[in-house]
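Given the coordinates of chain A, work out where chains B, C and D should sit on it, guided by the hints.
Here is what each chain is made of, one letter per residue.
Protein chains: 4
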Amino acid sequence: MPADSLAQLAARLQAFAEARDWGRFHAPKNLAAALVVEAGELLEPFQWLTEAESRALSAEQTEAVALEMADVLLYLVQLGNQLGVDVVDAAWRKLAINEGRFPVPGSDEAR
Amino acid sequence: MPADSLAQLAARLQAFAEARDWGRFHAPKNLAAALVVEAGELLEPFQWLTEAESRALSAEQTEAVALEMADVLLYLVQLGNQLGVDVVDAAWRKLAINEGRFPVPGSDEAR
Amino acid sequence: MPADSLAQLAARLQAFAEARDWGRFHAPKNLAAALVVEAGELLEPFQWLTEAESRALSAEQTEAVALEMADVLLYLVQLGNQLGVDVVDAAWRKLAINEGRFPVPGSDEAR
Amino acid sequence: MPADSLAQLAARLQAFAEARDWGRFHAPKNLAAALVVEAGELLEPFQWLTEAESRALSAEQTEAVALEMADVLLYLVQLGNQLGVDVVDAAWRKLAINEGRFPVPGSDEAR
Chain A
1 MPADSLAQLA
11 ARLQAFAEAR
21 DWGRFHAPKN
31 LAAALVVEAG
41 ELLEPFQWLT
51 EAESRALSAE
61 QTEAVALEMA
71 DVLLYLVQLG
81 NQLGVDVVDA
91 AWRKLAINEG
101 RFPVPGSDEA
111 R
Chain B
1 MPADSLAQLA
11 ARLQAFAEAR
21 DWGRFHAPKN
31 LAAALVVEAG
41 ELLEPFQWLT
51 EAESRALSAE
61 QTEAVALEMA
71 DVLLYLVQLG
81 NQLGVDVVDA
91 AWRKLAINEG
101 RFPVPGSDEA
111 R
Chain C
1 MPADSLAQLA
11 ARLQAFAEAR
21 DWGRFHAPKN
31 LAAALVVEAG
41 ELLEPFQWLT
51 EAESRALSAE
61 QTEAVALEMA
71 DVLLYLVQLG
81 NQLGVDVVDA
91 AWRKLAINEG
101 RFPVPGSDEA
111 R
Chain D
1 MPADSLAQLA
11 ARLQAFAEAR
21 DWGRFHAPKN
31 LAAALVVEAG
41 ELLEPFQWLT
51 EAESRALSAE
61 QTEAVALEMA
71 DVLLYLVQLG
81 NQLGVDVVDA
91 AWRKLAINEG
101 RFPVPGSDEA
111 R
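Protein chains in written order, with my numbering: chain A, 1 to 111; chain B, 1 to 111; chain C, 1 to 111; chain D, 1 to 111.
Bound-form chain A, shown alone (with noise of 0.2 Å):
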């Protein structure tokens, strides 16, 4: 199973969730609330850390951070499952909206 790919995730973590009978309780409301939760998670490791620090974490730490991050895409993917949203295919759409408002300065779109 390649390992990239976000559709078998998906998949995988609804029957996760539909086995342990945990539909009731991923509400888009509630998964945003404990994806935001995550998120400050994985900001903890780095709240005192200079920029320089954050830069050169050891193995051990980039794995603690790596399971934060993991925590972060697993709640990103049920909620998708839940508003039926592909969000790799709305980061493509965003990241085309951000070229156009960044142009690459010296560019003829930044003219």
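If you're looking for bench data, these hints aren't it; they were derived computationally from the structure.
A portion of the hints provided could be inaccurate.
The list treats identical chains as interchangeable, and a pair is accepted whether it falls inside one copy or across any two copies.
Dumping the calculated SDA-like pairs for lysine to any residue here, alpha-carbon to alpha-carbon at most 20 Å [unchecked claim]:
| # | residue 1 | residue 2 |
| --- | --- | --- |
| 1 | LYS94 | ALA56 |
| 2 | LYS94 | ALA64 |
| 3 | LYS94 | GLY106 |
| 4 | LYS94 | ARG24 |
| 5 | LYS94 | ASN81 |
| 6 | LYS94 | ALA11 |
| 7 | LYS94 | GLU51 |
| 8 | LYS94 | GLY84 |
| 9 | LYS94 | THR50 |
| 10 | LYS94 | ALA52 |
| 11 | LYS94 | GLU53 |
| 12 | LYS94 | ARG55 |
| 13 | LYS94 | LEU49 |
| 14 | LYS94 | GLU41 |
| 15 | LYS94 | VAL104 |
| 16 | LYS94 | LEU13 |
This is chains B, C and D only, laid out in the frame that chain A set:
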């Protein structure tokens, strides 16, 4: 280009930031801060809704939420770029941990 | 010492940080990051509760929430210390702005 | 009216919400969600600043930050109203806990 490839999104974001010389801003600490800011914006449209209302968004509301979800994912991928973390791979590892932690009621694992 | 004096709390926090030589960590950026981390911890116990359940916490749950609220206030006051901002004064100003923005229905201001 | 009295702010906020019939929205869960949203907005102006820049805000930037701090405090006080929690009292209790947890280096408590 398949829309579900986060690896391609990661490459495009890397080029996007480099073209704008934003690498100096993109310390992991700053990206984690930007991510929680976006997670707050994602929660905002839900804050006064009931759970039931959050399950019945209009198409317009859903698209606005999708673009906030996109912002979270874009920072998650950029943070992965900076830390050398494959966030989808981390999500699969975390999901395996969660499956061990919350066995399905009535299953062999739960006994 | 009257418990409601934030000015006294601010002075005590200043002394607390100085005694531990924490001033170098307490850049406004870092305090704002720590504050949102605590705000996430405050939301955490509510994330899967219904609104009705959140209105009916036990005494023990309420005390746990109170200590998370305290953490948010402690960082808010420390941020005020660093920026020279009196947060209670700012709250009165913001409340006056909000009262203008959301007139009472049926009142003279709402017409 | 002394600006530092949170008790007076709490009473005014209670009247403000009642006049607008907002009590039905103000479940503790919703107020905690609104609070973290505001905490994210408070972090936003700092996200790309260096720590040094965050210590040297202009008067205009400081005022904008002060009003975001105000929003956090207003929700903290409203949450206290709903839960029957005196947040300043809780902050003194939490500070006492923290003083025990982080003794001053070289002090009797640290030995």
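Hint-by-hint comparison with the structure:
no., hint, verdict
1, LYS94 to ALA56, "neither (30 Å within a copy, 23 Å between copies)"
2, LYS94 to ALA64, "between (29 Å within a copy, 11 Å between copies)"
3, LYS94 to GLY106, "neither (23 Å within a copy, 42 Å between copies)"
4, LYS94 to ARG24, "neither (30 Å within a copy, 22 Å between copies)"
5, LYS94 to ASN81, "both (19 Å within a copy, 18 Å between copies)"
6, LYS94 to ALA11, "between (24 Å within a copy, 15 Å between copies)"
7, LYS94 to GLU51, "neither (27 Å within a copy, 27 Å between copies)"
8, LYS94 to GLY84, "within (17 Å within a copy, 23 Å between copies)"
9, LYS94 to THR50, "neither (30 Å within a copy, 27 Å between copies)"
10, LYS94 to ALA52, "neither (29 Å within a copy, 28 Å between copies)"
11, LYS94 to GLU53, "neither (30 Å within a copy, 25 Å between copies)"
12, LYS94 to ARG55, "neither (26 Å within a copy, 23 Å between copies)"
13, LYS94 to LEU49, "neither (30 Å within a copy, 24 Å between copies)"
14, LYS94 to GLU41, "between (25 Å within a copy, 15 Å between copies)"
15, LYS94 to VAL104, "within (17 Å within a copy, 37 Å between copies)"
16, LYS94 to LEU13, "between (25 Å within a copy, 11 Å between copies)"
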